[in-house]
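Line by line, the protein sequences give chains B and E. Taking this note's numbering, the leading residue of the first sequence gets 5, the next gets one more, and so forth. Taking this note's numbering, the leading residue of the second sequence gets 5, the next gets one more, and so forth.
Some hints could be false.
Heads up, the list lumps identical chains together, so a pair's fine if it works in one copy or across two of them.
[What the hints assert, rightly or not] Subject to a maximum C-alpha distance of 30 Å in a straight line, what follows is the list of computed BS3-like cross-link-like pairs (lysine-lysine):
{"id": "1", "residue 1": "Lys108", "residue 2": "Lys556"}
{"id": "2", "residue 1": "Lys127", "residue 2": "Lys648"}
{"id": "3", "residue 1": "Lys48", "residue 2": "Lys127"}
{"id": "4", "residue 1": "Lys108", "residue 2": "Lys350"}
{"id": "5", "residue 1": "Lys556", "residue 2": "Lys648"}
{"id": "6", "residue 1": "Lys202", "residue 2": "Lys34"}
{"id": "7", "residue 1": "Lys350", "residue 2": "Lys34"}
{"id": "8", "residue 1": "Lys202", "residue 2": "Lys648"}
{"id": "9", "residue 1": "Lys632", "residue 2": "Lys642"}
{"id": "10", "residue 1": "Lys127", "residue 2": "Lys556"}
{"id": "11", "residue 1": "Lys34", "residue 2": "Lys83"}
{"id": "12", "residue 1": "Lys34", "residue 2": "Lys648"}
{"id": "13", "residue 1": "Lys355", "residue 2": "Lys108"}
{"id": "14", "residue 1": "Lys632", "residue 2": "Lys648"}
{"id": "15", "residue 1": "Lys350", "residue 2": "Lys48"}
{"id": "16", "residue 1": "Lys83", "residue 2": "Lys648"}
{"id": "17", "residue 1": "Lys83", "residue 2": "Lys108"}
{"id": "18", "residue 1": "Lys31", "residue 2": "Lys642"}
{"id": "19", "residue 1": "Lys355", "residue 2": "Lys648"}
{"id": "20", "residue 1": "Lys355", "residue 2": "Lys202"}
{"id": "21", "residue 1": "Lys648", "residue 2": "Lys48"}
{"id": "22", "residue 1": "Lys202", "residue 2": "Lys642"}
{"id": "23", "residue 1": "Lys31", "residue 2": "Lys648"}
{"id": "24", "residue 1": "Lys108", "residue 2": "Lys642"}
{"id": "25", "residue 1": "Lys632", "residue 2": "Lys48"}
In short, the hints are calculated from the structure, not lab data.
2 protein chains.
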Amino acid sequence: MQYFHILSFITAILAFMFALYLYLWVKSQKVENPEISRIGSLIKEGADTFLRREYRLLAVFALAVAVLILLVFPRPIWKSDPLTNLMTALAYLAGTALSALAGKIGILVATLSNGRCAERAQKGLREAFLVGFRGGAVMGLLVVGCSLFGVALVLLLTGNTSVLLGFSFGASSLALFAKAGGGIFTKSADVAADLTGKVELGIAEDDPRNPAVIADNVGDNVGDVAGMGADLFDSNVAAMTSALVIASSLGADSYSATAMVFCYAVLGLLSSIAGIATARVGRDGSPTRALNSSTYVTTAIFLILTALATWLIEGFSWRIWLASATGLLVGLVIGLTTDYFTDDTKPIVRKVAHASASGPAFTILSGTSYGFISCFPAMVGIALSALVSYRLCAPLGGSWALFAIAMSAVGMLSIVGMIISNDAYGPIVDNARGLAEMGGLGEETIRVADELDSAGNTVKAVTKGFSIAAAGLTVISLLGAFMSETNAALAELSRELVTGFDIMDPTVFFGLLAGASIPAIFSAMLILGVDRNAQRMVAEIHRQFSSIPGLKEGHADPQYGRCIDIATVGALRELVPAGLVAIVSTLLVGFTAGPRAIGGFLVGNIVSGLLLALFMSNAGGLWDNSKKYVESGHEGGKGGDAHKAAVIGDTVGDPYKDTAGPSINTQITVVSLVASLASGLFASFSLFG
Amino acid sequence: MQYFHILSFITAILAFMFALYLYLWVKSQKVENPEISRIGSLIKEGADTFLRREYRLLAVFALAVAVLILLVFPRPIWKSDPLTNLMTALAYLAGTALSALAGKIGILVATLSNGRCAERAQKGLREAFLVGFRGGAVMGLLVVGCSLFGVALVLLLTGNTSVLLGFSFGASSLALFAKAGGGIFTKSADVAADLTGKVELGIAEDDPRNPAVIADNVGDNVGDVAGMGADLFDSNVAAMTSALVIASSLGADSYSATAMVFCYAVLGLLSSIAGIATARVGRDGSPTRALNSSTYVTTAIFLILTALATWLIEGFSWRIWLASATGLLVGLVIGLTTDYFTDDTKPIVRKVAHASASGPAFTILSGTSYGFISCFPAMVGIALSALVSYRLCAPLGGSWALFAIAMSAVGMLSIVGMIISNDAYGPIVDNARGLAEMGGLGEETIRVADELDSAGNTVKAVTKGFSIAAAGLTVISLLGAFMSETNAALAELSRELVTGFDIMDPTVFFGLLAGASIPAIFSAMLILGVDRNAQRMVAEIHRQFSSIPGLKEGHADPQYGRCIDIATVGALRELVPAGLVAIVSTLLVGFTAGPRAIGGFLVGNIVSGLLLALFMSNAGGLWDNSKKYVESGHEGGKGGDAHKAAVIGDTVGDPYKDTAGPSINTQITVVSLVASLASGLFASFSLFG
């Protein structure tokens, strides 16, 4: 065991203890309103039911994959050391289990915090903010703690980076399904509730008469909290894994490089703890400013601490520090430009709101156009950050330059504890707003909850841009990991090594075009899934309103459970084919066209995946905020033609930003990891490779 | 002069003579209805005005570029042979002039045929079909004849393939603006006419009371006829150019390869002439079948003739024949799969129509999803066709394999004369339908015109898939041309040659991500242009209805000219920035990050460009036909909720399929040619390259 292992374990445990403290603090807040606790427990129950059924299905899938890994990954068991295969399979299972745990705990805390946040909102903004934020922070700390602990433990026990790839694959394959399944659940409920409630019946968003209202609130938790936690757990593990895989190929320098990865991750977590501890709403009372300023505090602390470590510890390179700082700063810049396109105090949202006055077609056309334009800063930012890191560290020789790209991703993800806290804050206060309305806490409380919610939406744009950028950088460094793994396999087979993937080579080009179409198909399948599922739920809502006497007048209770059931069953039915398309197509291309085609496939996947993920997330956020802008009294306000058009834009944007967009993120990572794990197989067998 | 030059000139002249014969035949058809000839001449006048103003603007642009070429392309004039620069500049101007001529003649014939086709429709389907089709064929024959003549002449006079790149760049830069300008014109008129006419006032599509109705018909001509002619002229020239550039690098084999390019182009044109001559509607009276079967006839004749030529002529390779046949057959397959996604007798269109019953958001979501899925066959088809051609001819050694990819594109475009005839048929019969309605030719004639129109729409999907695929293959071979040019420049500078573009190289990767965002930005700018322009026109229509007494009741004439003016001025204002973004960003990346970044930039541009072009064209066609399907009485028929939603889908799809989608095509080609032309400059100067 090395000092950095010890440091990692201690810091992870520190994070767990701090999370426990925050959890107990949240729990100590009193719940007095009976209606809120009744609805709160309905939401908790619904979320638990969904998670239980989802995890049961995914457990079967994970076991099947584990058996497959045992048999053929990283090499066929009859040709290699069976112990490596066994360890990879176990690491895979550990990855899925930790990912599932992250989701489960997130739900636990979020459903605990939402009602308490709503009640505290009666006392004012500052206290309610703390409940929402600290609830989110529990999730943030646990996710980052688990990933640090897990990666350190797997590497300590096995010392084998291929096994670590298995761990990372476990985390990401579960994240893929959690994100996709949660995304389909949440958006089919949201779309169905909006269409029937707001549009057809003209009742408020969270009116308890709507049978889909609980499913909608459950959706916020299973989609945004559990899915997002799994997603960022996965990105974090993948970034560390790719850095460690490349570090292990650095020969004599491999010890220092490995130490650097862990130390930077430790310092990132410590900085996040500091940022979380100091977050509060100042006297001026802006929750957005509170969230953003604690992000800046975390960033600054991280940069200072890592600079100190680089200065003090022998073998740490200033060039790598610069690479990692570049990643982090580019991440912030990407977040801020995303904000420009989705913030309703900025011109773009207002232009789309204005276009809505001419009808829904213009809402869609203008939102789509600005969504496409908004990809540019992030695409170029990610590419620049990789290029700058590479050039900075090329003088170090060997694979250091590739390692620098990975460290740039580690840097970007260093403050992920803070990012998750901000991100999980969103659905908690969103739920709190709903509970305040359903619990009849009065106008003023709803206004406070609204303000908290709106801050959540603004910050969400930034954190989403951030997490897509981080995933982009991570998969670029996973490309490096894929090449190392492929060459290791080729060397064993005594075949010529791969020195790169030339786009002038039609085999690579073939992979490129095939890979580029996968994110499009994947996201289309998810959106169609939401579409079908929402249609089923709309039918159920219509059935309830026509068959339950007194429901419309509020004299009878709707059957919330039926809607939750439909959302659950439908989401589980739709998530599997989409996930399989991504995994199976990778294997298919690998086994037919070989490793060079897979190189192209990964890059095509990254390029079109980033483009579509950014487009969908940003366009969705833009439409959402345009609708809110119109609702706040512009362009004719609520009920006007512009509002109707803006609602249609928002409905289109919902599955874009909360189902397809963020899932593409995970899909890219999964494909990269599958390719790395199967690289040995592709190298030894492919039909036309 | 070689035998293939002579053959090329003779065949081109033959095509011109056949076109003249068809032109005179169309002209000999009588026009009797005074209203049709009045409105027909309004349309002709509007189209002429737009073209005149557009060409005047573009002439300034072309002259500026020609001066730039004279000064620095392919090498700075002070460092190279001034004669080459002069010839390149002149060839550039010739390319723009021929492209403009193709557009101008297309408009002339189309505006001549539309009224005659409408009147002939009174006598029945078969005669009216011939007028529409032969009108389109004049355009098809002239475009292909001009491109063959132009390429042969430039090569004969200069013997320099760099000069040929200049010619090709001239054709494509004008096509870029013609396509974008025409696309903005036609769609802003169409959208404004639909929104005010069909939606607000509930009057028919071509009701003469609508002030935008003439602008809408003018738009069909300037967008679909002139723009499409320039587009396919450009693709055809680019495909031949890239094949000839690579052929010139084949050393001893370069003569045979050059001969093959010209012979295949000659045989393609002859096959198209045969296909056009035999096209007629049979006794069963299906115009769709007539159009498709003449495409199949042309394909079969081409395959037989080229096989004969390969057998008889020494030095022609069967492997190249196979490559070119692969391209052609893949093109057909792509056309047919496109048809599956956009034909209303197939399930996809019906699914989208069914989704529309739940509201416009579902129309958009399902159309977007199927649009994304529909890209897959074409993406993989293009990649496979390049891969198969390459592998087939790799045993020939040298650059033969690269040449094979170019010949695959030449094969795909061989029947372009036939494709253009089919494509130009569409707007002619579309106009004829409008004229039949405005001229009051009665129900039966409108029904016949409707049937002709619907065949045009079905065939359009196939030809569009075809032309995007051809552009894709062409730009892949232009990549090869770019590498040859770059290496020629590097050799002159005695610097290390480029052997390929490795995606693991972060400079290439940087280019890749930057290049991938250009088509997104470019298409967004065009769509926003349509959006703004349509808004202006809607305002004008509202003004006319409120200020011209008796207009709504049909007692007064609207001021058609005002709407045409708005469409013209707006289109010209919007087209320049979008076109410049593509050209300037290429130069910017080249001069900052150097040739390797440009390699990545081109590939990123191709990958995301193909994806978006296919997505937009197919989704647009899908929405259009879903709307027609609903209008034919399904899902509640005209006026129902599904219809309203489907109309919104169609409005979104209009700028997708007729402005952005097809312009992206040209944008990809332009960027590739700019890169090839400037490769010498990038090689000798770049900031961080």
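Hint check results:
1. Lys108 with Lys556: neither (35 Å within a copy, 64 Å between copies)
2. Lys127 with Lys648: neither (35 Å within a copy, 48 Å between copies)
3. Lys48 with Lys127: Close inside one copy (24 Å), not across copies (72 Å); limit 30 Å.
4. Lys108 with Lys350: neither (37 Å within a copy, 44 Å between copies)
5. Lys556 with Lys648: Classified as both: same-chain Cα gap 22 Å, cross-chain 28 Å, threshold 30 Å.
6. Lys202 with Lys34: neither (32 Å within a copy, 59 Å between copies)
7. Lys350 with Lys34: neither (39 Å within a copy, 60 Å between copies)
8. Lys202 with Lys648: both (10 Å within a copy, 19 Å between copies)
9. Lys632 with Lys642: within (9 Å within a copy, 33 Å between copies)
10. Lys127 with Lys556: neither (33 Å within a copy, 60 Å between copies)
11. Lys34 with Lys83: neither (61 Å within a copy, 82 Å between copies)
12. Lys34 with Lys648: neither (40 Å within a copy, 51 Å between copies)
13. Lys355 with Lys108: neither (40 Å within a copy, 37 Å between copies)
14. Lys632 with Lys648: both (12 Å within a copy, 25 Å between copies)
15. Lys350 with Lys48: neither (37 Å within a copy, 44 Å between copies)
16. Lys83 with Lys648: neither (63 Å within a copy, 63 Å between copies)
17. Lys83 with Lys108: neither (39 Å within a copy, 69 Å between copies)
18. Lys31 with Lys642: Neither, since 38 Å and 58 Å both go past 30 Å.
19. Lys355 with Lys648: Close inside one copy (16 Å) and across copies (24 Å); limit 30 Å.
20. Lys355 with Lys202: both (24 Å within a copy, 25 Å between copies)
21. Lys648 with Lys48: Intra 32 Å, inter 40 Å, cutoff 30 Å: neither.
22. Lys202 with Lys642: both (11 Å within a copy, 26 Å between copies)
23. Lys31 with Lys648: neither (41 Å within a copy, 51 Å between copies)
24. Lys108 with Lys642: neither (38 Å within a copy, 50 Å between copies)
25. Lys632 with Lys48: Answer is within; shortest intra-copy Cα gap is 28 Å, inter-copy 47 Å.
In this structure, the hints that do not hold are numbers 1, 2, 4, 6, 7, 10, 11, 12, 13, 15, 16, 17, 18, 21, 23, 24, in rising order.
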